[in-house]
Structures are given as structure tokens and as C-alpha cells.
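> Join the two chains, each given in its own frame, into one complex according to the hints.
In order, the protein sequences belong to chains U and W. The first sequence begins at 606 in my numbering and counts up by one. The second sequence begins at 312 in my numbering and counts up by one.
Just so you know, these hints were derived from the structure itself, not from any lab. As the structure is a prediction and not an experimental result, all values here were calculated from the model. You may find that some hints are simply not true.
What the hints assert, rightly or not - SDA-like cross-link-like pairs, simulated, lysine to any residue; straight-line CA separation at most 20 Å:
| no. | chain 1 | residue 1 | chain 2 | residue 2 |
| --- | --- | --- | --- | --- |
| 1 | W | Lys340 | U | Leu672 |
| 2 | U | Lys638 | W | Lys337 |
| 3 | W | Lys340 | U | Val634 |
| 4 | W | Lys337 | W | Ser646 |
| 5 | U | Lys638 | W | Ser646 |
| 6 | U | Lys654 | W | Leu562 |
| 7 | W | Lys449 | W | Ser336 |
| 8 | U | Lys654 | W | Lys340 |
| 9 | W | Lys497 | W | Val566 |
| 10 | U | Lys615 | W | Ser336 |
| 11 | W | Lys340 | W | Val566 |
| 12 | U | Lys654 | W | Glu709 |
| 13 | U | Lys654 | U | Lys638 |
| 14 | U | Lys638 | W | Val470 |
| 15 | W | Lys340 | U | Arg616 |
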Amino acid sequence: MTLNMMRERKRFDDEHQDSFIVVHPLDDVQEEKVDTAGVGPLRLTTSVKLSLMALRGYLILMTLLLLYHVMDLSGLFRQWKW
Amino acid sequence: MASRLFIASSTATTNGTVRGRVVHSKWTKALLTFLMVSGPGLIVMEADNDAGAVSTYVQAGAQYGTHLLWTLLLLLPVTYFIQEMVVRLGIATGKGHATMIYQRFGRWWGHFSLIDLQLVNFLTLVTEFAAISLALSKMNVTPIIGVPLAAIILITLVVTGSYRRWERIVVFLCLLDIAWLTIAFKVGAPLHEVVHNTIVPTVPAGGITASLVFLIIAIVGTTIAPWQLFFQQSCVADKRLRFSDLKWGRLDTFVGACFTIVVAGCMMLTGNAALTHRIGFNDPAQLAVDITSFAGPAVRTGILLLMINAAVLGTTAVSLSSAWAYGEVRGWPHSLELPVRKAKGFYFVYALCVCAAAAIVLIPRAPLQLIIVSVQVLAGLMLPSAIIFLQLLLNDKELLGERFSNRPWNNWVNWAIILVLFALSLVLAAQVICPRLFPGT
Chain U
606 MTLNMMRERK
616 RFDDEHQDSF
626 IVVHPLDDVQ
636 EEKVDTAGVG
646 PLRLTTSVKL
656 SLMALRGYLI
666 LMTLLLLYHV
676 MDLSGLFRQW
686 KW
Chain W
312 MASRLFIASS
322 TATTNGTVRG
332 RVVHSKWTKA
342 LLTFLMVSGP
352 GLIVMEADND
362 AGAVSTYVQA
372 GAQYGTHLLW
382 TLLLLLPVTY
392 FIQEMVVRLG
402 IATGKGHATM
412 IYQRFGRWWG
422 HFSLIDLQLV
432 NFLTLVTEFA
442 AISLALSKMN
452 VTPIIGVPLA
462 AIILITLVVT
472 GSYRRWERIV
482 VFLCLLDIAW
492 LTIAFKVGAP
502 LHEVVHNTIV
512 PTVPAGGITA
522 SLVFLIIAIV
532 GTTIAPWQLF
542 FQQSCVADKR
552 LRFSDLKWGR
562 LDTFVGACFT
572 IVVAGCMMLT
582 GNAALTHRIG
592 FNDPAQLAVD
602 ITSFAGPAVR
612 TGILLLMINA
622 AVLGTTAVSL
632 SSAWAYGEVR
642 GWPHSLELPV
652 RKAKGFYFVY
662 ALCVCAAAAI
672 VLIPRAPLQL
682 IIVSVQVLAG
692 LMLPSAIIFL
702 QLLLNDKELL
712 GERFSNRPWN
722 NWVNWAIILV
732 LFALSLVLAA
742 QVICPRLFPG
752 T
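Here chain W stands alone, though its shape is the one from the complex (with noise of 0.2 Å):
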């Protein structure tokens, strides 16, 4: 790609230059820009795969096989549209989804929101470090050492004053998550049958039980997060995203979708060795130790590695979803490019976000199996309802114009999948009254 650099000097930027790569050739020119606005969606969408995530498609996996891969492809179109929303609003507003539903839905909503999303996302952060602390001690590491050990990672990965240091290095991690095609691929199933499987949705053997309810639920819930609208709009605003890039953007988000899904199968495969193998296991660190007999230890790693890279993944992203609604709520400097002197409460509120989690896995006896289950119940509560503020901002004409708005067919899409998730979420809702409503498996 030949390029050179092209420096305009201007007076309304910081650093008093506008500093661009020359190219020759239109395709030259779309790649190199894709790659630029690129990011925030790969980011949200690979960070959502995170240890929450890793246990409950390697569950599905080792409970139905591959019979739940359909729902996966389903899910792709849906978190591709709700995500492509937040594109758009973080593109047209230039402002993060908390600062959005105070300004236009008042206190009362700013608030629940807001402290609904900050009490998720640090039960989440528990449960990421919770799988941090279970994969290292697998792998012989103390988590005395490790748990803090990966705190500071963690907050030293954002402190540097660098959004783009910051996301080259997420990105990288990202891709690591290519890995789980090597894994998957090692222990795999039959092609015909994850193809079938895939595009076919088939009921598996024992129909439709409570367990099965619950892990489509499960599956849901772990692939459209709450954390995710309010990340992704504040990332697109703190990148500063500008008008013209909102194509880019979009496929941003199509192809960190697309990669998600291919990734979070290829987790659905693992668990369908233990099913074909017959090996019963409690969590993926488990798993990983278990089919070492018969896939190497090479995978059984590999797995470990990844569930580690999936916690710091989803750790880094939910934290800053919390910092960054925090700091546009209370009008404090919020952003990646501000060195920590200049963003106190911004830095103060992600460490403390990754310290307190961290600290509370390491706390002995700590009741972890309720976070996980209070996590699952808050975030498929909190999801609708996000959903719908989202929409009802996309639908104001007045303030976003024809460009940035919802089309009718958008509208169509969208109250689809909220009456669903709203489906989803009463089902849980009345699991919670009546633990027995379903039949057992």
C-alpha cells in the first residue's frame, strides 16, 4: 500500500496539524479508512464474549451438542441491528448513551439507568475475575499473585493518555480469539452436522425442559449486554467518529458480529467434545483439564489462555462502559485521549471498578454463584428497557434528521426483537417467582 503522509497545519486542532496518509487508488483509500474508523465494534462485539460467555456456550455445547448453533445465527442479525444504533447516535450526537437518556428521558430514568448499568457491569466484573482467578490456578498460578496481577494489567492498559494505544492493543487481543477456530477445529464436531445445525433450528432429544429454556436465555442474555449500548456509543464518541464514516462504522460492527458468532460456536464445539467424550465438568477451566487425555495439552492451554484473554476482554470494556457513564453523568473529562491528571474521576472510577471486583474474588467464600445468577436476572431485566430508550432516540426526527434516524423498516426490525427480548425477560422474570413453572429436565 503506498502511502505517504500529508500534515495541513490548522488552528482548531490541539496539536495544531491535520496529519493524513496520501494514497493513490479508491480501494487503497476505502481500506485504509476502514481500518482507521475500525474498533469500536470489533471491540464490543469480541469483548462480549467474555468468561460469562465462554461458560455458557461451552455449556450449551456439552449439554445439546451442536443442536443450539441455530440460535447463534439468529442472534447475529440482532445484535448487528441494536449495535448499528448506537453507530449511528454516537456518530450524529457525538455524546455517550448515559448522557443521551438523562438529557431526553430526565433524572428519574438517568438514574435508574445509571446505577442499573454500574451494578451490573461490577457483578460482571466479578464473575470476569472470578474465571481470571479459576484459569490461573489451573495453570498452577496462586491467585494471591494473579487476581492482582491482572488488575494492574488492566488499568495500565487505559492510563497511557492513548485511545489509539489503548485499541491497538484490545484489537490485538481480539484477534487472539481467532485461536478458538484452531481449538474448535481439533475437537470438532462432523461438518454436515454444524452446518445442519447451524442453518436448521432443531429441537434437541428431551424437548423443550426448563434447562433448555434457560440456557436459550442464558445464550441471549450473553450476546446482547446492556454494557455494550452504553460502551460502544461512548467509544465511537471518544474516537470522535465523524459523519462520513458511518458506512465504515456499520460494517465495523457487521464484521465484529460476524466474528463473534464464528468465535462463540466455535466455543459451542468445545463443549460438544466433552458431550461426545462423555466428560463431565463444573466450569471451562475444568473442561480444559478434562479433554487434555484425548486433545493434547497444547488445547487444554490454549483453552485456559483464552478464557483469561475472554476476562481481560470483557473486564476492559465493561469498566470503561461504567467510567465513561459515570464521567458524561457527572460532566467530568472522560476520555481515553486525556492523560490522568486531566481525567481524575474518569481513571479513579475504572480502577476502582477493576480493584473492588478484583478484590471481591479473592475474598474467601465469597458467594460467587449468585453474582453469576444475580448478574444473568438484573442484565435480561435491564436489556429491554434499554432497548426501548434506544429506539425512541432513534425515532426523533427533529433532532437527528432523516440521515441518522430510524427507516420504518428499522422500526419494523427493532420492536421484533424488544417484544421478543421482552418475551425473554418475563420468562425469567416468572422463573424467579415459580422456580418450578417449567418442567425439569
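With the rest of the complex left out, here is chain U (with noise of 0.2 Å):
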């Protein structure tokens, strides 16, 4: 919020005291959000990177299936056996 606003609103306060005002996140000033640019890739314990580990190859695995299922429901295999 600019030094500027803070005044105004501030003055409006000050002239309205049983009053307030809302303002629609859209219409309002942005705020300075947590920096993640800066910080890097999380850190993480040995058994959490062991963990993410063994859940990649649980993906990989289970996409493999997938695709082998797909295909196989699509009749692709009982095509090549022909």
C-alpha cells in the first residue's frame, strides 16, 4: 500500500469513525508475497528423498501399465498376433 493511500485512508478513518471500507482484491493494492524465487528446491530429508524415489518408480510402473492395459483394450495386440 503506497504511502499516498495510507494517508487517505487514514484522513477517511479519522472523518468516518463508525465506518469501513472494502475493497475487492482486484481493486486493491497487490501485496509482496512470500519469495519463492530465491529459495531453491526444498529441502528434504534422506527419507523423504528415498520415499519420492520409490514413488517415481511406483509412477513410472503404473503409467507402463496403464498404457499396456490401453492398448490392449483397444485390440492393438490381438491385431499384431494376426
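Printed below as a string of C-alpha cells:
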């Protein structure tokens, strides 16, 4: 929030003690968010790293199985047998 | 609600002013703030009641009557807790989910998540257009005209360069789903039976069979989908929700979850009517036609229109989750607030998703059943791992601080959810490998 805007809101609040201002998020001044760009990859413990490796293997295996299943259902292998 | 406009000049905003409403009571302030902040939660939840969901819930009702209503009540906190984490992450970082996975877990996981998301999303879109085509044909509208028209409307919906306009239209479409309550009331089951089977988990007559297990997995997979994580975080970031909006974002998500579960329950009750009147059907459109004999033509038209509405909601949300995710990863401008000329890549991905899915549906003898099976299995595979990343991201206190990171009880709840989802995912995988694993019906 800029200094100019803060002053305006302060002055408004002083003049209208019983009033509140509601601003739509898209109309408000963009606030500074948590900086994710400079922090790099997440620091993980060895057990978490190993678990993620296992997950990667599981996902690759299951994706290949699914691919086989879909090809089987589509009758691709039956055509090859001919 | 007495309110007037407050305008303060500011150099930090694009238009040089900050516009606000002046209100005179705390209650009005709270209500107005909620109305301004709400949207992403309701949309993500209700868009999840898409064409596939209509089909699954109606089928559950037709096969097991009201016996599976308890699954919906169980899924209410599950879906809320998962999406609430996304709200926190979106508000804290102001970035989408795809960006976070790339930045925090590296390229391999980033690529895997993105490719898997795009694939599942695209296949889901095909099922949405298939439902539109089916419902339109029952209304005597030829798909050759109806499907391209739906695609054009869906593209027009987002290219206005105004997030607010898109959100208002989509929230209106979400609220149209209230009509499911009327339909359920008209064809519904006895109230005491509905309440009992919602609160008390019961196994239907016939015991635990393969079809029951997979219907429960399908209900879980339908209620919690991977695209929802990507969609809501990007939506929260695009709407620029502020730190102070967190509690309203949570309330929006909770209200959305409750509304969605109620609507899903009504869909099950509609299916239950088919069971009660011994009507066999292959899809909800056929059910709509068949129940005309006792429910009347208004219910028939209502179900068909609601099917189209569900598919339209699903399509806009799923396509946007793809476009946002791709735009984030490629570093393209990706906001509904931007006109087409300033975010060409973002809008192109959205339009491409919509047009390609619509085109596939129009191909004669396209393998739609194969696509539906693939969607369910791929989504089931992807979901637990997607939630693991979310869980790890939300435990990064160094980045998020105490306010936005998970509390210990959050972690217990989330790990329990992940374990259950993994178990269901394994069951699904086992069925793919050994189709005769469970006893038949």
C-alpha cells in the first residue's frame, strides 16, 4: 500500500469513525508475497528423498501398466497376433 | 446494504486508483468481504460435479439406492482439507501449483506433474464434450451443431479480459445446480432413509463386491481430482487474494464443499429413482428420458440441461487449470485479467484444449469408453502423489512461516487421507493388473 493511499484511508477513517472500507482483491494494491524464486529446491531429509524415489518408480511402473492395459483394450495386441 | 464508493489514488495500481465500498457495520463489512473474496472455492468444488460425476453419482444411486450416501459425508472434510491447503499456498505465494512444484521439487517432478495433468485434463474434457453431445442429441439438437457451439461459448466465456466477468458467470452456472435439489425432491427417497444412510455407513445387500469397491473408488476419484489443486491455487493467485482474505477463502471453500456434496447427494437420489422404478439405463441422458413416465417432462429437460451445465462448468475449470499450469511453467503471461493480445499463449492453450476435445467427440466411433477408463485410472494414480507434494510444500515453515504452514493436526489428517487414497489407488492398480481379483456382482 502506498503512502499516499495510506494517508487517504487514515483521513477517511478519522472522518468516519463508524465506517469501514471494503476493497475487492483485484482493486486493491498488490501485496508483497512470500519470495519463492530465490529459495531453490525444497530441502528434504534422506527418508523423504528415498520415499520420493520409490514414488517415482511406482508411478513409472503404473503408467506403463496403464499404457499396456489401454493398448490391450483397444485390441492392438490382437491385431499383431494376426 | 447501505454502502458507497471509496476511491483513493495510488501509483501502485494499474489504473491509478483503489476503489472500495464504504459500509457502516461490521456485519455488512464481513458479508461484503466474503462476497468479494468468494468464488474460487465454490467454482472448484461445483465444477468437480462435472459430467463424469453426474454419471458416477447417478449410477451409484441406480445400483445401490441411498446406501452409498455416507461416502459423500465422509468425503466432505477430505475435500475441504485438501483444497484448504491450496488456498493457503496460493495466498501466501501468489503463485500457481505448477510453479511451486517446478521450483521446489525440480524439473523431473515438474514435467511429470504437468504432462500427467495435461493428459488427464484432456481426456476429462473429451468426456465432458461427450456428455454435451449425448444430452443435446436427446434434446433433438444434432451434435455437429451443438458441440462446436458449446466450444465457441466456452472460449467466449474466458476471452473477455476480465476475471470478475468470468467468475460471475461461472458462479451463476454453479448456483443453477440448486435445481438438482428440486429434482431430488420430486423423485427422491423417504427422508428418514436418506438421513439414516447419510449418517450411518451401511454395506448394501450383496456384500462387498468388485462393482461396489470400484464404484466407491470412482466416487472418491470423482469428488477429489488432481486438476482441482492446480485450478484453485492458480485461481486464488489470479484473483490476487490477500493475506487478510485467508479466513474468507477458507469459508468459500467450505461452503463450496458443502454445496457440492449436497448436489452430489441429489444426483444419487435421482439415480435411486431408477432403482425404485426398475429402470435400466446406460447414461444419465437415457435416465432423463426414461423417468419422464413418472417424473414428468420438466424433470427430463431439467436433467438434460443440468448435464450440459455440469459439462460446461467442468470444461471451463479443467481447461483453465491446463492453461494456467502451462502458462506458469512456460513463463507466459497467464491471467484472465489480461486481454487476448497480452496473453496469447495462455488463451491459445485454453482454446486448443476445448477445440481438440470437441473435435474428438465428433469423430464417429471414437473410443469414448476407453477414454473414460483411462481418465479414472490416471487420475487415481496421480492424486495421492499430487497431495504428497502439497503436504511437503505446506510443511515448509522456512518459506511459509507459522501462519501458512501446516499445524501438527493438519499433518495427521492429511497423512491419513493420503494413506487411504494410496490404498484405493493400489486397489485400482491391482484391478488393472488382475481383473478377477475381487468377487463379481
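> Give a verdict on every hint.
Tested hints:
1. W:Lys340 x U:Leu672: Not OK: Lys340 (chain W) and Leu672 (chain U) at ~54 Å, beyond 20 Å, violated.
2. U:Lys638 x W:Lys337: violated (27 Å)
3. W:Lys340 x U:Val634: Roughly 19 Å between the alpha carbons, so the hint for Lys340 (chain W) and Val634 (chain U) holds.
4. W:Lys337 x W:Ser646: violated (32 Å)
5. U:Lys638 x W:Ser646: The hint holds at about 17 Å.
6. U:Lys654 x W:Leu562: violated (35 Å)
7. W:Lys449 x W:Ser336: Measuring from Cα to Cα gives roughly 51 Å; hence the hint is violated.
8. U:Lys654 x W:Lys340: Distance ~47 Å between Lys654 (chain U) and Lys340 (chain W) Cα, so the pair is violated.
9. W:Lys497 x W:Val566: violated (25 Å)
10. U:Lys615 x W:Ser336: It holds: about 18 Å lies between the C-alpha atoms, which stays within 20 Å.
11. W:Lys340 x W:Val566: holds (19 Å)
12. U:Lys654 x W:Glu709: OK: Lys654 (chain U) and Glu709 (chain W) at ~19 Å, within 20 Å.
13. U:Lys654 x U:Lys638: Outside the cut-off at roughly 28 Å; violated.
14. U:Lys638 x W:Val470: Given pair Lys638 (chain U), Val470 (chain W) is violated - Cα atoms ~27 Å apart, limit 20 Å.
15. W:Lys340 x U:Arg616: holds (19 Å)
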